[in-house]
Amino acid sequence: MTITNILVCGIGGQGVMTATEILAEAALSLGYDVKKTEVAGMSQRGGVVTSHLRFGPQVLSPQIMPGDADLLVGFEAAEALRWSHMLRPGGVALVNLGRLVPPVVNIGLYEYPDDPIAQMRALGLEVHAFDASAMALELGNIRLGNTVMLGAMADRLTFPADVLLNAVLARFGARKPQLVDINRQAFERGRQAVAARVEEPANA
Amino acid sequence: MGASLPGSVVASRLFLSGNEAVALAVRDAGCRVAAAYPGTPSTEILEELAKYPELYAEWSVNEKVSLEVALGASMVGARAFCAMKHVGLNVASDALMTMTVTGTEGGLVIAVADDVGMSSSQNEQDSRYWGRFAHVPVYEPADAQEAYDMTRAAFALSEAHRCPVILRLTTRICHVKGRVQPREREAHEPAGFAKDARRWVMVPGNAKPRLPLMHQRDDALRAEAETSEWNTLYEGSDRRLGFVASGPAFMHVREAFPDAPVLKLGLSHPLPIERARQLATMADRVLVVEETEPLVETELRAAGIACFGKEVLPRIGELAPDVLRPAVAGMFGEPVPKAVHAALQAVFPRPPTMCVACPHLGIYYTLAQLRNINISGDIGCYSLGAGQPWNALDTCISMGASMGVALGMDKGRGEADAKKSVVAVIGDSTFLHMGMQGLLDIVWNRGNVTVLLLDNRAVGMTGGQENPGTGRDIHGEDAPRIDFARLCEALGVKKERIRVLDPYQLPVLFKALREETKIPEPSVIITDRPCVLIDHYEATQPYKVIADKCTGCGNCIDVGCPAIHVTRRATEVKPSGKEVELAFVRIETSACTGCGLCVQPCAPEAIVHAAPEHPVNFLHKNV
Numbered sequence: 001m002t003i004t005n006i007l008v009c010g011i012g013g014q015g016v017m018t019a020t021e022i023l024a025e026a027a028l029s030l031g032y033d034v035k036k037t038e039v040a041g042m043s044q045r046g047g048v049v050t051s052h053l054r055f056g057p058q059v060l061s062p063q064i065m066p067g068d069a070d071l072l073v074g075f076e077a078a079e080a081l082r083w084s085h086m087l088r089p090g091g092v093a094l095v096n097l098g099r100l101v102p103p104v105v106n107i108g109l110y111e112y113p114d115d116p117i118a119q120m121r122a123l124g125l126e127v128h129a130f131d132a133s134a135m136a137l138e139l140g141n142i143r144l145g146n147t148v149m150l151g152a153m154a155d156r157l158t159f160p161a162d163v164l165l166n167a168v169l170a171r172f173g174a175r176k177p178q179l180v181d182i183n184r185q186a187f188e189r190g191r192q193a194v195a196a197r198v199e200e201p202a203n204a
Numbered sequence: 001m002g003a004s005l006p007g008s009v010v011a012s013r014l015f016l017s018g019n020e021a022v023a024l025a026v027r028d029a030g031c032r033v034a035a036a037y038p039g040t041p042s043t044e045i046l047e048e049l050a051k052y053p054e055l056y057a058e059w060s061v062n063e064k065v066s067l068e069v070a071l072g073a074s075m076v077g078a079r080a081f082c083a084m085k086h087v088g089l090n091v092a093s094d095a096l097m098t099m100t101v102t103g104t105e106g107g108l109v110i111a112v113a114d115d116v117g118m119s120s121s122q123n124e125q126d127s128r129y130w131g132r133f134a135h136v137p138v139y140e141p142a143d144a145q146e147a148y149d150m151t152r153a154a155f156a157l158s159e160a161h162r163c164p165v166i167l168r169l170t171t172r173i174c175h176v177k178g179r180v181q182p183r184e185r186e187a188h189e190p191a192g193f194a195k196d197a198r199r200w201v202m203v204p205g206n207a208k209p210r211l212p213l214m215h216q217r218d219d220a221l222r223a224e225a226e227t228s229e230w231n232t233l234y235e236g237s238d239r240r241l242g243f244v245a246s247g248p249a250f251m252h253v254r255e256a257f258p259d260a261p262v263l264k265l266g267l268s269h270p271l272p273i274e275r276a277r278q279l280a281t282m283a284d285r286v287l288v289v290e291e292t293e294p295l296v297e298t299e300l301r302a303a304g305i306a307c308f309g310k311e312v313l314p315r316i317g318e319l320a321p322d323v324l325r326p327a328v329a330g331m332f333g334e335p336v337p338k339a340v341h342a343a344l345q346a347v348f349p350r351p352p353t354m355c356v357a358c359p360h361l362g363i364y365y366t367l368a369q370l371r372n373i374n375i376s377g378d379i380g381c382y383s384l385g386a387g388q389p390w391n392a393l394d395t396c397i398s399m400g401a402s403m404g405v406a407l408g409m410d411k412g413r414g415e416a417d418a419k420k421s422v423v424a425v426i427g428d429s430t431f432l433h434m435g436m437q438g439l440l441d442i443v444w445n446r447g448n449v450t451v452l453l454l455d456n457r458a459v460g461m462t463g464g465q466e467n468p469g470t471g472r473d474i475h476g477e478d479a480p481r482i483d484f485a486r487l488c489e490a491l492g493v494k495k496e497r498i499r500v501l502d503p504y505q506l507p508v509l510f511k512a513l514r515e516e517t518k519i520p521e522p523s524v525i526i527t528d529r530p531c532v533l534i535d536h537y538e539a540t541q542p543y544k545v546i547a548d549k550c551t552g553c554g555n556c557i558d559v560g561c562p563a564i565h566v567t568r569r570a571t572e573v574k575p576s577g578k579e580v581e582l583a584f585v586r587i588e589t590s591a592c593t594g595c596g597l598c599v600q601p602c603a604p605e606a607i608v609h610a611a612p613e614h615p616v617n618f619l620h621k622n623v
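Line by line, the protein sequences are chains L and H.
Sequence positions in the first sequence follow this note's numbering and run 1 to 204.
Sequence positions in the second sequence follow this note's numbering and run 1 to 623.
No lab work stands behind these hints: they were computed from the structure.
Wrong hints could be hidden among the right ones.
Said to hold, decoys possible - On the chain H side, residues computed to face chain L include the following (Cβ under 10 Å):
{"no.": "1", "residue": "F15"}
{"no.": "2", "residue": "A144"}
{"no.": "3", "residue": "P248"}
{"no.": "4", "residue": "H252"}
{"no.": "5", "residue": "R254"}
{"no.": "6", "residue": "E318"}
{"no.": "7", "residue": "D322"}
{"no.": "8", "residue": "G560"}
{"no.": "9", "residue": "E581"}
Glycine included, C-beta positions come from ideal geometry on N, C-alpha and C.
Using the sequences and the hints, build the whole thing.
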């Protein structure tokens, strides 16, 4: 029984749940059994959000256990570090370098890690890091960061990248056709960011 | 069989959350009336139901009213439904404990969602107790498909036995999406109200003869549970350990121990004891996996079935595979497998925060400035006032408790608190839910309490639902709007002790609080800025910080707005020799909505209007 486990993490309002929903739609379109679960009780208030996606022939428990994630998708750098223990040995992390600093850090109670990506690599993890937030802003809207992250995942899945791209475009095509083209571009930017495998400066 | 599923399956599968699946099943069952008060993780059920024009849906003022509305509908023969979070059933329990005596006519299903793991609640309680306490059957779905199927079955069971039925959900059902195959819809026409005082008027003389009927019903339900299709035995090949499990825990057991025999409890109360006895013959040992209290375990032991339970499993939180595997290894004296994955990394906590420009920021900034006050709080976004940087909320217990707790603090205080003022903080919806009775008590019993009534025109924490103070109903249509000032006056607060203020005006708020806390009688300060997440809120021109002007005093940080970020820290030695920590700031202009709260405490006038760098995006207010 082969189940694919993808853990998407970030903070409330970043589009973590929407991205996972689109991934789920892609997996469903291939006929997989799919379960998706979130811990997001007060997430709309800037708290931590994780979304678990599991798909395969038959999925029982919706939760990914520590050490079982094939793919860790971090919408925020420190959140990716927080959930590093979820990756299986040999699993891959795709991380947005964009930082969202919470009030507890601004007040001075805690420190934001100097280099979360380097910390993850020191754990022996394969990490692909890129500034999805900056790419989204270059394309004109921070909300495109969501699609950039989906693009980054596209060549790391057990199914062809086009299946995911179609799920992205179908979602926007149905509601906002004028956004189809810009989302296609955002998807491609994310895809290239991982494909290029440039050893970018981690502390961007 | 009352509980068998109606109709054939319909066309295509859907991908639904447990909450969406319950809502669809309620609609498909021909339910006529659905009511709820919002509460995580149950809220989306009624939000979904409100989309179906073929049934009546309402937000009720509290859970007790929602259950009474459902009962009334059932009395006239309609199928009826209500939903609530676990603590909601505490509120509704008075009605439940007597409607189980009257019984029901139209099928009546109560969905109660336990927050196992406590992602968004003040306690973790096991609602399955209500089944035992109130003599009503309990269904426990294990995924979205079962949430759909069992909701349909619950209506049928309710009508077969003429009693309310509890559908016990948990966060891990409500908020998990899975594939759902719906079934054919039913039509259900109410039979009409049959007047019968001995049935519906629960005075002692009428209620007493009904008690034996309730116990007979228990017996019938017990027999039904033994043969119910929802209680299933999985034989399994590894007979060292058999499991009894229900709800999401069943999925976790199957995931972790795919070859073990399992008794899956779907209709979990009354407990099918004979099925459990059968399982016990199929395995060397039996482990009961239930979230969260040891109910099944206790009942099995009472029936003479040896089993393990809470002596090896935790009594709190979810029983996921990573909890089950080491517990079972421990039972067999096997070494617990060492983790192969990376260690848990220490990263700063990221607790929920108030939104950028939240009107509550002004309230807590001000409360944090006041000395010698005890602040009795309540349930809602404003519970976050207990956190950093404000630390300005001292209690949070249950819906509306801020009122009674404040009065008790006032009446109970001795010398230690004699010079302190008592302030109660409560939101609009919580006040209407259960707070206004407490205010009435304060007034009637001459309490010395200053009430801050934060009217942000929404049930904020659950996502901005309507309440009687918003002037809109569940569909967003115009509805009668309660006037909070007049309501407080009607409850007996003196007119001159009621003020309506803008919480963005910090000096006005500070002055009002100072004055009212000094007057030894009940007063109410109503603040009237809408929640920034609802569409009544209008953003204005955002602000920025002129870096050269910022002195690093940190006053603006004390507001607690998530759009204010520290760019640099420094230490300065004052002429007095005292060391002062400085924090220079910038404002995330793309998130700022121009509320102006941070501008007011800024001495050097370093905060000025900025042209927006990017369009303001409400979803990104937290950044």
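Now the hints, each set against the structure:
| no. | hint | verdict |
| --- | --- | --- |
| 1 | F15 | 6 Å, holds |
| 2 | A144 | 8 Å, holds |
| 3 | P248 | 8 Å, holds |
| 4 | H252 | 5 Å, holds |
| 5 | R254 | 5 Å, holds |
| 6 | E318 | 8 Å, holds |
| 7 | D322 | 5 Å, holds |
| 8 | G560 | 6 Å, holds |
| 9 | E581 | 7 Å, holds |
In summary, this structure violates none of the numbered hints.
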